[in-house]
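Colleague: Using the sequences and the accompanying hints, generate a full structural model.
Protein chains in written order, with the numbering used here: chain A, 357 to 493; chain B, 357 to 493; chain C, 357 to 493.
In short, the hints are calculated from the structure, not lab data.
Keeping only pairs whose Cα atoms sit at most 27 Å apart, straight-line, the calculated BS3-like set for lysine-lysine is: (1) LYS358/C with LYS462/C; (2) LYS358/B with LYS386/B; (3) LYS425/A with LYS425/C; (4) LYS358/C with LYS462/A; (5) LYS382/B with LYS484/B; (6) LYS425/C with LYS484/C; (7) LYS462/A with LYS387/A; (8) LYS462/A with LYS387/B; (9) LYS358/A with LYS358/B; (10) LYS484/A with LYS387/A; (11) LYS386/C with LYS358/A; (12) LYS382/A with LYS462/C; (13) LYS462/C with LYS358/A; (14) LYS484/B with LYS382/A; (15) LYS387/B with LYS358/A; (16) LYS425/B with LYS425/A.
With the Cβ distance kept under 8 Å, some of the chain C side facing chain B (calculated, not the full set): (17) PHE359; (18) LEU396; (19) THR438; (20) GLY443; (21) LEU451.
Note that CB positions come from ideal geometry on N, CA and C, so glycine has one too.
The residues making up each chain are set out below.
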Amino acid sequence: MKFYTDYLWFNTSRRREFINITHEVKSALKKSGIQEGMILVSAMHITASVYVNDAESGLIQDIEDWLQKLAPDGMNYRHHGTGEVNGDAHLKNLLVGHQVIIPVTKGELDLGPWQQVYYAEFDGQRRKRVVVKAIGE
Amino acid sequence: MKFYTDYLWFNTSRRREFINITHEVKSALKKSGIQEGMILVSAMHITASVYVNDAESGLIQDIEDWLQKLAPDGMNYRHHGTGEVNGDAHLKNLLVGHQVIIPVTKGELDLGPWQQVYYAEFDGQRRKRVVVKAIGE
Amino acid sequence: MKFYTDYLWFNTSRRREFINITHEVKSALKKSGIQEGMILVSAMHITASVYVNDAESGLIQDIEDWLQKLAPDGMNYRHHGTGEVNGDAHLKNLLVGHQVIIPVTKGELDLGPWQQVYYAEFDGQRRKRVVVKAIGE
Chain A
357 MKFYTDYLWF
367 NTSRRREFIN
377 ITHEVKSALK
387 KSGIQEGMIL
397 VSAMHITASV
407 YVNDAESGLI
417 QDIEDWLQKL
427 APDGMNYRHH
437 GTGEVNGDAH
447 LKNLLVGHQV
457 IIPVTKGELD
467 LGPWQQVYYA
477 EFDGQRRKRV
487 VVKAIGE
Chain B
357 MKFYTDYLWF
367 NTSRRREFIN
377 ITHEVKSALK
387 KSGIQEGMIL
397 VSAMHITASV
407 YVNDAESGLI
417 QDIEDWLQKL
427 APDGMNYRHH
437 GTGEVNGDAH
447 LKNLLVGHQV
457 IIPVTKGELD
467 LGPWQQVYYA
477 EFDGQRRKRV
487 VVKAIGE
Chain C
357 MKFYTDYLWF
367 NTSRRREFIN
377 ITHEVKSALK
387 KSGIQEGMIL
397 VSAMHITASV
407 YVNDAESGLI
417 QDIEDWLQKL
427 APDGMNYRHH
437 GTGEVNGDAH
447 LKNLLVGHQV
457 IIPVTKGELD
467 LGPWQQVYYA
477 EFDGQRRKRV
487 VVKAIGE
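Modeller: Below, the structure written as structure tokens:
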């Protein structure tokens with residue numbers, strides 16, 4: 357039984373940013389030496405998401421617009437009583453989810469042809485990270 | 357340590373469809389011979405979901421109506437600039453999620469009494485699939 | 357290879373309640389004796405969620421208000437034709453998700469500094485439960 361743990365660091369220039377991390381997840385899997393098992397990719401923050409979807413720039417803008425509509429920023433959230441201004445980022449995190457777990461088959465991520473792994477930053481411009489953990493043989 | 361991988365294929369007659377796949381997941385688990393571990397059920401497409409909820413036809417129609425309200429089709433999504441017309445299906449996928457992982461205890465899916473595993477198709481009428489991967493002993 | 361399964365029971369006094377279960381998940385991990393692996397925390401009901409976010413009371417109220425806005429109770433859901441009145445709770449479950457899987461590294465939950473595990477009850481005042489399953493070495 358093998359275990360492999362890695363951390364990906366981000367420091368985005370914009371508040372919201374969508375970053376394709378498929379290559380980094382593949383690299384972690386290769387380093388793990390695991391041929392059969394699963395690899396977990398999980399944001400370590402409560403104002404960012406990890407999801408699997410398409411690497412198409414129009415769609416990514418659609419996703420951002422849609423998240424702004426369903427969980428808008430600039431609202432008077434109770435959370436802002438703490439001095440924070442990122443209530444919307446917490447709700448966006450809950451909507452999209454903070455993690456995915458990808459099956460590993462014959463040493464590869466067992467994803468469909470259009471599936472790409474994304475880190476979605478909703479409150480960036482500071483150092484944040486994602487844990488990548490592989491388990492298998 | 358055992359690993360078992362299977363793929364479920366779908367080709368729905370309607371664009372949107374909700375299919376109870378609990379039986380298929382149980383069959384895969386039985387074939388795996390795994391008594392303790394976990395089984396991952398994950399859509400391999402970015403316009404379909406896998407979720408756990410109730411097998412009640414009224415509720416399923418409520419879910420479809422609700423998804424249409426929060427992520428409507430027929431909108432002018434930027435993604436449609438690529439020639440696609442399925443922007444809504446991508447958003448529905450993000451809202452519901454594309455995977456679940458079910459604990460396996462004493463050779464059975466460790467689900468509550470009302471929990472059923474569903475494949476939710478949001479852009480069907482073509483061949484699509486779900487990966488089922490069991491890991492354990 | 358080790359496996360450890362535990363069940364957490366809840367019986368909330370209010371219909372909706374948010375309960376920090378991080379301590380209970382840590383206890384289960386300690387009992388498992390697992391140093392490297394993963395721990396799954398999964399609601400066994402279709403009207404409750406498990407999520408990871410902040411232990412801040414203002415934010416928790418924001419989350420409840422937001423869920424009421426996106427999946428309101430008191431609506432005339434088709435599901436209510438069965439005699440149930442909890443259609444909203446099913447939709448809230450789908451929105452937030454019913455499970456998280458937490459990496460375990462060096463015997464600890466590998467969470468970020470603000471990440472807390474929550475059980476979100478959307479249709480309480482009766483006995484309900486969460487399965488906690490650890491897998492690893």
